[in-house]
Amino acid sequence: MKKSPRERLLPKPEEISWERALRSVPVPNPAAEPQGPDEEGLTLVVQGRKPRFLVPPLSWILRPRLVRRVRLDRVGRDLWKLCDGTRNLEAVVDAFAAANRLTFHEARVAVTQYLAELTRRGVIAAAVTQTDG
Amino acid sequence: MLPSLRPWIWRNLRVGVPADWEMLRYARDRKKGACTFADRYQYRLELSWREVPGPPDFVRMMRDYEARLRHEADGTDGNWKRVRHGPWHGLTGGGGNAGLLRHARYGRFVAPESCLVELVFFQPRKEEKGLTAAILDGVRAEPAVGGDRRWRAFGMEFLVPEEMDLRSCRAEPAAVRMRFGVGERDERNDAFERLGLLHYWMKGSVSDWLERRAGAAVKRASAGEIENRGHRVAFVTGRRRRRGGSLFGGRWLAVEQTAWICPADGRLYCGVHEFPAKEEKAAPPGRNMRLRCCASLEAAV
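Each protein sequence line maps, in turn, to chains A and B. For the first sequence, the working numbering assigns the number 1 to the initial residue and increments by one for each residue that follows. For the second sequence, the working numbering assigns the number 1001 to the initial residue and increments by one for each residue that follows.
Careful: at least some of the hints might be erroneous.
Pairs of lysine to any residue residues, derived as SDA-like cross-links and limited to a Cα-Cα distance of at most 20 angstroms, are as follows [to be verified]:
hint: 1; chain 1: B; residue 1: Lys1203; chain 2: A; residue 2: Arg101
hint: 2; chain 1: B; residue 1: Lys1203; chain 2: A; residue 2: Arg77
hint: 3; chain 1: B; residue 1: Lys1203; chain 2: A; residue 2: Gly41
hint: 4; chain 1: B; residue 1: Lys1129; chain 2: B; residue 2: His1085
hint: 5; chain 1: B; residue 1: Lys1203; chain 2: B; residue 2: Glu1193
hint: 6; chain 1: B; residue 1: Lys1203; chain 2: A; residue 2: Arg74
hint: 7; chain 1: B; residue 1: Lys1203; chain 2: A; residue 2: Gly76
hint: 8; chain 1: A; residue 1: Lys81; chain 2: A; residue 2: Glu117
hint: 9; chain 1: B; residue 1: Lys1203; chain 2: A; residue 2: Val75
hint: 10; chain 1: B; residue 1: Lys1203; chain 2: A; residue 2: Asp38
hint: 11; chain 1: A; residue 1: Lys81; chain 2: B; residue 2: His1199
Some chain B residues judged to face chain A by a derived CB distance under 7 angstroms, without partners named [claimed, not checked]:
hint: 12; residue: Glu1022
hint: 13; residue: Tyr1026
hint: 14; residue: Tyr1041
hint: 15; residue: Gln1042
hint: 16; residue: Pro1173
hint: 17; residue: Ala1174
hint: 18; residue: Leu1197
hint: 19; residue: Lys1203
hint: 20; residue: Gly1266
Keep in mind the hints are simulated off the structure, nothing from the lab. Just so you know, even glycine gets a beta-carbon here, dropped at the ideal spot from N, CA and C.
Let the hints inform the model, and build the full structure from the sequences given.
Okay, structure coming up:
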């Protein structure tokens, strides 16, 4: 059966609403240390945690890399600076839009796509409030 | 106080929406489709169209729609109310026990385009009657300009020949590209681009960028830059070989490309016009395509 516009356009009950997502706060991973920003971007050094199972004698044999390096391009570098844990996503989008002369939704799509990638790579986490209130 | 409305023209339909509403969904089909606008928090307006042979029976249409809404709400109240606004037939309501969002739906027949136009307003906070009325009043068919159709979308305003259809549209953050074509193989086509975030990716001048964009496939006839009302406009003209063209003169397309950075918004604008090379002499130069970036410049390719 064909869906009405209302059915197609409104968020499903289990989804985080658009407005609520904008209120979430991107928080940088405290274990990620920026290494000297350069012209082309920024390198983050992320200190990983040793897995629990890694105890002697297993740890004598397996030596996983506990330090990861995440390279950010110039967009990522600018976003990393904006995501200082004090601004919510809406404020980050607004700041990014103003700095780059973008519309709100252009900036929103760019920022959320980029932050999703940074979240996947473990340098950013998003704090979402429990309720809409 | 009503916000100022900014016009969008899509498929010959002009609609004015608040300046902070943006088009997030769109359809290319002339016969049937919809565009959706959103403010920063949610979808606010859906504009849909459907070509019909004549004016539909609005009374019956609204009755059916109301019945369907009541069915969806499982019989709970939605306070649906039929309304009229000029030529618009509408139904407004929602927000009842079923937790439905308050919305209003209006429809009218637009005779010059022979299509049924519907607007669905989503009104989450409170009903904005003044805004709804202003938007409804602003919807109309955009008249042709000397055989061309005007489009105004995603920060661009341009004219394309009436017979051309929108073949593709990609609206990504700071990168919009719309391509129009006519004929089976799009032997005539116009493309318009608007790109942003230039300081992140653009190296060199606009001429350099345009040269790279044209690539080696275009055999240059001319290239250069001209000053036009405070805009430094780069251009490339030439020919390129078309795949699958006929042996007798149909293998080449004449190519005209132009690009510039608008100082008003810092975006890179680009227009591309291609047509069969055998018609090159017949085509009056600069008539075929117009792309406008701001009030001060409408550049001809």
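Hint by hint, here is what the structure shows:
| no. | hint | result |
| --- | --- | --- |
| 1 | B/Lys1203 to A/Arg101 | holds (18 angstroms) |
| 2 | B/Lys1203 to A/Arg77 | holds (19 angstroms) |
| 3 | B/Lys1203 to A/Gly41 | holds (16 angstroms) |
| 4 | B/Lys1129 to B/His1085 | holds (11 angstroms) |
| 5 | B/Lys1203 to B/Glu1193 | holds (18 angstroms) |
| 6 | B/Lys1203 to A/Arg74 | holds (14 angstroms) |
| 7 | B/Lys1203 to A/Gly76 | holds (19 angstroms) |
| 8 | A/Lys81 to A/Glu117 | holds (16 angstroms) |
| 9 | B/Lys1203 to A/Val75 | holds (16 angstroms) |
| 10 | B/Lys1203 to A/Asp38 | holds (17 angstroms) |
| 11 | A/Lys81 to B/His1199 | holds (17 angstroms) |
| 12 | Glu1022 | holds (5 angstroms) |
| 13 | Tyr1026 | violated (13 angstroms) |
| 14 | Tyr1041 | holds (4 angstroms) |
| 15 | Gln1042 | holds (6 angstroms) |
| 16 | Pro1173 | holds (4 angstroms) |
| 17 | Ala1174 | holds (6 angstroms) |
| 18 | Leu1197 | holds (6 angstroms) |
| 19 | Lys1203 | violated (12 angstroms) |
| 20 | Gly1266 | holds (5 angstroms) |
This entry does not satisfy hints 13, 19, going by the numbered hints stated previously.
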